[in-house]
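S.K.: Sequence:
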Amino acid sequence: MEDEGPGKQAIWKHFAVRRIGNESSRVVELSQNWTPKVLKLRLDRYQPKDTDKQYYSWFNEGVEQHYRTPAYGIENLGMACSSIEGFMRDNSEAYIEAHLNHAAAITRKTFQTAQENKHLPLVERALKLWVGCRFIEEPWSIVGTDSLGLTHHPNPSCPYHTKIPVPPIVDLQIDLIVINEILQPEIKKILKMLKTMLESSDPWNNWFEIYLAYFILLNNVELTMAHDAWFVKRNNLKRKYSNKNLVDTIMGGATTLLTCFHYAHQGYAPFTDPGLEETQDWSQEMRTYLREVRALLKEGEVGGDCVVEPSRELFWTSQLMSGGWRPVVLVS
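Under my numbering, the first residue of the sequence shown is numbered 270, with each subsequent residue one higher.
Since the hints were derived computationally from the structure, they do not count as laboratory data. Backbone N, C-alpha and C fix where the C-beta goes; we use that ideal spot for every residue, glycine too. Take these hints with a grain of salt, some might be off.
As the list claims (entries may be wrong) - Pairwise CB distance ranges (calculated):
#, residue 1, residue 2, range
1, K318, K387, 39 to 45 Å
2, K509, N345, 18 to 24 Å
3, L369, G569, 28 to 34 Å
4, V598, G569, 23 to 29 Å
5, C529, N449, 54 to 60 Å
Stated by the list, open to error - Keeping only pairs whose Cα atoms sit at most 30 Å apart, straight-line, the calculated DSSO-like set for lysine-lysine is:
#, residue 1, residue 2
6, K309, K461
7, K306, K318
8, K513, K322
9, K513, K502
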């Protein structure tokens with residue numbers, strides 16, 4: 270392998286397998302356990318460098334332990350990218366529904382409405398970005414018959430006692446493919462579309478599409494922050510965030526989105542001024558959604574930790590509905 274870590278994005282396509290021996294490539298079936306379907310990737314054994322990580326760390330009573338894996342890498346990055354994109358296409362709804370099982374009522378209602386409106390280009394791209402981000406959070410496990418010779422760890426306290434992880438290099442390659450081939454292009458397209466819509470002379474013309482996309486993007490921030498908190502705890506890190514610079518960038522991006530939404534054309538107004546419905550030619554679906562969300566807000570749906578902790582659900586998304594909004598000052 271030529272990369273030492275996910276930070277070296279510019280040369281990621283040179284992150285190719287240095288194949289060793291004449292052993293045939295192997296097809297593994299992977300899952301994040303959000304859907305019964307599997308992602309199939311073809312792997313080759315390769316000659317690792319000293320910098321290539323071949324184990325996962327875990328802690329037993331405060332002592333670091335290693336779960337070792339064989340040296341395998343993705344055989345062909347282009348073919349793997351096609352497989353990942355196909356898996357995403359076929360399983361997006363299942364990923365969203367699985368994450369909504371225990372979500373707040375406002376979140377469930379908004380995502381259900383977004384899925385019903387995914388014919389809107391901005392909403393469609395926001396949902397694709399949201400699902401792609403889930404691909405690089407939850408660890409991938411081997412679930413097929415070929416486990417590359419790996420077995421479950423005998424210690425019940427080991428995270429690999431009940432599942433078999435994909436080799437770290439393969440997990441990293443999946444991350445790099447998703448980030449470079451899916452997420453980064455989608456982000457650029459979303460920002461370009463948002464800029465065009467926000468510059469419209471009629472602020473209410475695309476309001477619902479913009480709002481749904483913003484909610485999806487900000488919910489993604491909440492999930493990303495929650496995942497970072499989980500990662501810090503799981504790896505016994507002695508700091509608040511695993512990557513402070515990344516977290517600062519994410520929170521800064523969320524604040525920028527909220528600033529545009531509120532100051533470009535008072536995006537919160539439909540939630541605080543029901544009288545707007547009488548002056549606007551809004552669809553019945555949009556009117557029904559607004560009434561239901563207003564009712565949930567009155568019932569106290571937003572409160573507690575979700576208004577003070579940036580990794581909690583509704584911390585960022587609820588700010589879309591707040592009149593008199595001001596940027597929240599956070600210390601990372």
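S.K.: Look at each hint and say if it fits the structure.
M.R.: Verification of the hints:
| no. | hint | verdict |
| --- | --- | --- |
| 1 | K318 - K387: 39 to 45 Å | holds, 43 Å |
| 2 | K509 - N345: 18 to 24 Å | violated, 39 Å |
| 3 | L369 - G569: 28 to 34 Å | violated, 20 Å |
| 4 | V598 - G569: 23 to 29 Å | holds, 25 Å |
| 5 | C529 - N449: 54 to 60 Å | violated, 26 Å |
| 6 | K309 - K461 | violated, 33 Å |
| 7 | K306 - K318 | violated, 33 Å |
| 8 | K513 - K322 | holds, 23 Å |
| 9 | K513 - K502 | holds, 15 Å |
Hints 2, 3, 5, 6 and 7 from the earlier list are contradicted by this structure; the remaining hints agree with it.
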